[in-house]
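Protein sequences appear in the order of chains W and S. Counting from 1, one number per residue, gives the positions in the first sequence under our numbering. Counting from 1, one number per residue, gives the positions in the second sequence under our numbering.
Treat the hints with care, since some could be wrong.
[Claimed, not checked] So the derived list for chain W, only partly shown, Cβ under 7 Å to chain S, looks like this:
{"hint": "1", "residue": "Thr30"}
{"hint": "2", "residue": "Ser42"}
{"hint": "3", "residue": "Leu43"}
{"hint": "4", "residue": "Leu45"}
{"hint": "5", "residue": "Tyr57"}
{"hint": "6", "residue": "Phe66"}
{"hint": "7", "residue": "Gly107"}
Hint data in this document are derived by calculation from the structure and do not stem from the laboratory. Note that the coordinates shown come from a computational prediction; the quantities given were computed from them, not determined experimentally. Don't be surprised by glycine CBs; every beta carbon is placed ideally from N, CA and C.
Each chain, written out:
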Amino acid sequence: SAVISQKPSRDICQRGTSLTIQCQVDSQVTMMFWYRQQPGQSLTLIATANQGSEATYESGFVIDKFPISRPNLTFSTLTVSNMSPEDSSIYLCSTQEGGYGYTFGSGTRLTVV
Amino acid sequence: DQQVKQNSPSLSVQEGRISILNCDYTNSMFDYFLWYKKYPAEGPTFLISISSIKDKNEDGRFTVFLNKSAKHLSLHIVPSQPGDSAVYFCAASGGSQGNLIFGKGTKLSVKP
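With the hints as extra help, turn the sequences into a complete structure.
Put into structure tokens, the structure is as follows:
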């Protein structure tokens with residue numbers, strides 16, 4: 001299965017700033033997903049990112065707040081823009097290969113102060 | 001409304017005993033169910049899965065049971081080991097190209 005390198009692993013950011021999270025996959029994958037896990041909540045899908053097309057956002061998430069790039073089949077970034085303390089969460093990227101083969105990155109723990 | 005529910009936020013079990021983690025779902029379109037295990041500071045790792053055409057799948061110490069009529073699945077770990085201490089997420093999918101819907105997780109603590 002694919003191996004994902006996710007960076008940064010954690011960060012503490014000032015409100016109003018932006019943070020870009022990167023995921024590098026060791027193989028080419030068609031679909032990448034970005035999830036968020038707020039304290040005490042389940043993993044919630046933010047958006048699906050396919051190479052060569054715009055990301056598809058789930059209800060409650062918008063491109064202006066969470067712009068995503070997918071320049072090639074091995075890389076994607078998620079930016080958390082104009083952060084507020086409510087954005088403090090763990091952010092995870094995930095890939096899917098051949099049916100139900102999901103792999104996750106190690107996560108980014110974001111604290112906004 | 002949560003489509004996948006894990007109603008027990010935590011579970012404590014003695015080493016060697018059975019751990020049973022439960023999960024309920026509401027969407028009858030789900031046809032594939034997965035269990036993930038998550039250690040602190042790591043992403044979830046796949047543990048075991050079951051298709052809706054089956055009612056049981058076993059892999060070593062791990063067995064998942066699916067009761068479609070009750071929209072309920074459970075993960076059994078026998079015997080439980082201290083290294084099994086982690087957060088376990090139940091997830092469901094409605095198709096091979098769909099995203100996963102996760103429960104909130106159950107934190108399992110296995111005491112020596």
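Going through the earlier hints one by one, which of them does the structure break, listed in rising order?
1, 5, 6
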